[in-house]
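My request is simple: use the sequences and hints to build the entire structure.
Residue numbers (this note's numbering), protein chains in the order written: chain A, 3 to 331; chain B, 3 to 331.
I should point out that these hints are in silico values taken from the structure, not numbers from a laboratory. Every residue, glycine too, gets a C-beta built ideally from N, C-alpha and C. A few of these clues could be false.
As the list claims (entries may be wrong) - Covered, in the sense of this in silico footprint (three residues per stretch, anywhere, with C-beta under 8 Å from a C-beta of chain B), are these stretches of chain A:
1. 8 to 16
2. 95 to 107
3. 135 to 145
4. 306 to 314
Stated by the list, open to error - Anything over 12 Å on all C-beta distances counts as not near chain A; from chain B, calculated:
5. R38
6. S42
7. S52
8. Q65
9. G74
10. L85
11. A208
12. F228
13. H287
Protein chains: 2
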Amino acid sequence: MKKIRIGIIGYGNIGRSVELGVRQNKDMELVGVFTRRDPSTIKIITKDVSVYHIDHAQNMTEQIDVMVQCGGSMSDMPVLGPLFAGMFNTVDGFDNHAKIPDYYDAVNKKALEAGKVCIISGGWDPGMFSLIRLYADAILPEGKTYTFWGKGISQGHSDAVRRVKGVKNAKQYTIPLESAITAVKRGDMPELTPREKHKRVCYVVAEEGADKIQIEHDIKTMPNYFADYDTEVYFITEEEFAKNHNGLPHGGLVLHYGKTGLNKEHNHTIEFKLDLSSNPDFTAHVLLAFARAAYRLNQEGVSGAKTVVDIAPAYLSIRTGEELRKYFI
Amino acid sequence: MKKIRIGIIGYGNIGRSVELGVRQNKDMELVGVFTRRDPSTIKIITKDVSVYHIDHAQNMTEQIDVMVQCGGSMSDMPVLGPLFAGMFNTVDGFDNHAKIPDYYDAVNKKALEAGKVCIISGGWDPGMFSLIRLYADAILPEGKTYTFWGKGISQGHSDAVRRVKGVKNAKQYTIPLESAITAVKRGDMPELTPREKHKRVCYVVAEEGADKIQIEHDIKTMPNYFADYDTEVYFITEEEFAKNHNGLPHGGLVLHYGKTGLNKEHNHTIEFKLDLSSNPDFTAHVLLAFARAAYRLNQEGVSGAKTVVDIAPAYLSIRTGEELRKYFI
Numbered sequence: 003m004k005k006i007r008i009g010i011i012g013y014g015n016i017g018r019s020v021e022l023g024v025r026q027n028k029d030m031e032l033v034g035v036f037t038r039r040d041p042s043t044i045k046i047i048t049k050d051v052s053v054y055h056i057d058h059a060q061n062m063t064e065q066i067d068v069m070v071q072c073g074g075s076m077s078d079m080p081v082l083g084p085l086f087a088g089m090f091n092t093v094d095g096f097d098n099h100a101k102i103p104d105y106y107d108a109v110n111k112k113a114l115e116a117g118k119v120c121i122i123s124g125g126w127d128p129g130m131f132s133l134i135r136l137y138a139d140a141i142l143p144e145g146k147t148y149t150f151w152g153k154g155i156s157q158g159h160s161d162a163v164r165r166v167k168g169v170k171n172a173k174q175y176t177i178p179l180e181s182a183i184t185a186v187k188r189g190d191m192p193e194l195t196p197r198e199k200h201k202r203v204c205y206v207v208a209e210e211g212a213d214k215i216q217i218e219h220d221i222k223t224m225p226n227y228f229a230d231y232d233t234e235v236y237f238i239t240e241e242e243f244a245k246n247h248n249g250l251p252h253g254g255l256v257l258h259y260g261k262t263g264l265n266k267e268h269n270h271t272i273e274f275k276l277d278l279s280s281n282p283d284f285t286a287h288v289l290l291a292f293a294r295a296a297y298r299l300n301q302e303g304v305s306g307a308k309t310v311v312d313i314a315p316a317y318l319s320i321r322t323g324e325e326l327r328k329y330f331i
Numbered sequence: 003m004k005k006i007r008i009g010i011i012g013y014g015n016i017g018r019s020v021e022l023g024v025r026q027n028k029d030m031e032l033v034g035v036f037t038r039r040d041p042s043t044i045k046i047i048t049k050d051v052s053v054y055h056i057d058h059a060q061n062m063t064e065q066i067d068v069m070v071q072c073g074g075s076m077s078d079m080p081v082l083g084p085l086f087a088g089m090f091n092t093v094d095g096f097d098n099h100a101k102i103p104d105y106y107d108a109v110n111k112k113a114l115e116a117g118k119v120c121i122i123s124g125g126w127d128p129g130m131f132s133l134i135r136l137y138a139d140a141i142l143p144e145g146k147t148y149t150f151w152g153k154g155i156s157q158g159h160s161d162a163v164r165r166v167k168g169v170k171n172a173k174q175y176t177i178p179l180e181s182a183i184t185a186v187k188r189g190d191m192p193e194l195t196p197r198e199k200h201k202r203v204c205y206v207v208a209e210e211g212a213d214k215i216q217i218e219h220d221i222k223t224m225p226n227y228f229a230d231y232d233t234e235v236y237f238i239t240e241e242e243f244a245k246n247h248n249g250l251p252h253g254g255l256v257l258h259y260g261k262t263g264l265n266k267e268h269n270h271t272i273e274f275k276l277d278l279s280s281n282p283d284f285t286a287h288v289l290l291a292f293a294r295a296a297y298r299l300n301q302e303g304v305s306g307a308k309t310v311v312d313i314a315p316a317y318l319s320i321r322t323g324e325e326l327r328k329y330f331i
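Shown next as structure tokens:
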């Protein structure tokens, strides 16, 4: 069997997870890693696979079936997404929700011109959670969908805390509030404010001699990030930080409550919950399943930008239609 | 907007639920109900919609866009599925898991000949649970998927209890065992016997003077249905039966535990859980979402039998691609 040849753009947390994820997919092989850094400074895990400067990718359009975009959504992907859509089938986890329509249009234009399939915003949210939101809304239109994140580390919020004066290191955990989840399951169909859905807990290593009262105040009053939430700040030592807060766990749930029946006398709860000990690993695995779909769809002559809701699930699976009907349906 | 014209074959629990479900889908309208009984004996809820004998359906191929099959999987659908696939786009909840491959082949042949789209085995299991099993396996191939049913009423098992000598009425609840769910979430990846996954609880109204000890024994030792499970039997009065056991609640969960990372050091749990106060209502709502997909795919020139994993989720939604990208991704 000819394997699907995977390229990785960007070798951060997600890029490394994609590299390892390829090993779990027997129909895939890693062909190259592309970076904007000096390739000689990057050591990857896979033997006999080279690291290239990103400018070299354009010479490898015949050697790579799908490029997995592993850069950041803020500054990297808005440029690299459309650029690579003009050369390769791609998948990415573009997660700047408000910008998805514009990003889709930009990638779609290039993908159509190049005759490639580019699946954007894979991952878990956007990604798997998007799928569940759509399924739930389509099945129970007289209902309401809620998304909760956590318990897990928000990298954007952790970065924000680290920028506070006097902070040496920090991790921020987003924690969904049980009271809100209970209210949704009970059928209250509540309108929930950010403060009612999640709380934020920060573990902070302060610089020596820093004003901890000031740090706590600066965090809790930070607009957009913390001011709208109940935030807890705990100061810990570097040792404790290294020991207990070095991972990237995350997760969350999508909850849909809907009503049916002649007099809306029946109620139904759809719940999809993820508990992930490594956010980048899970994200990478989702991207690879959609990489398989991108490759197959393109083999069938399809082109253009797609989101996860445009992909028939069977395209994600290594298994044949017969196997799926026999063992999975 | 031209509405999708829905026909219903069979007016039992699911048929009635489909009738009501159409009202929640603004792009659909009910055109007719088809029955093997005398149509004059059937009173439906919707005004200005007729009940026809099932033999009349062949005259209405121009008036109906999608037929929703609401008969039984054991004896009705193996005949009616292929028959109607030769005339209409159809959806059904064929749930005889072992027979799905054969049923698919029979429906596919007729649907291809007639140029129709026929989506089989929609509902929640098979149906939504099938989708989750596929997604989970595709994302985390080094993992294991478990399906639990309940707490809810199994109609097949309730029927079996009612056939026991001395039983006047009965309902059987399938209940998943927390010990098994906990073991899966903990990462034991256990091999679970039927007895370790579920228990069965029967509420029985005995005939006057019946031998209750004999009834309990006959139930608990019944092969296929109860012998392989821990079964509890409770005798109750007709009044209590009518008061507390007249609904058709059901639900269940699909749990997938998988590992990632260089040394499999990371673990992830995917959980999809349904809590349904009316099993037929929820099933009907799933069928209607797939009816929308069947209609749209056929409009695009697609034909043949499909299962839920062959359908891109966006086809289920009344919303446009733009709306989905803006609000759901």
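Give me the numbers of the hints this structure contradicts, sorted from smallest to largest.
Per hint list: 1, 13 violated.
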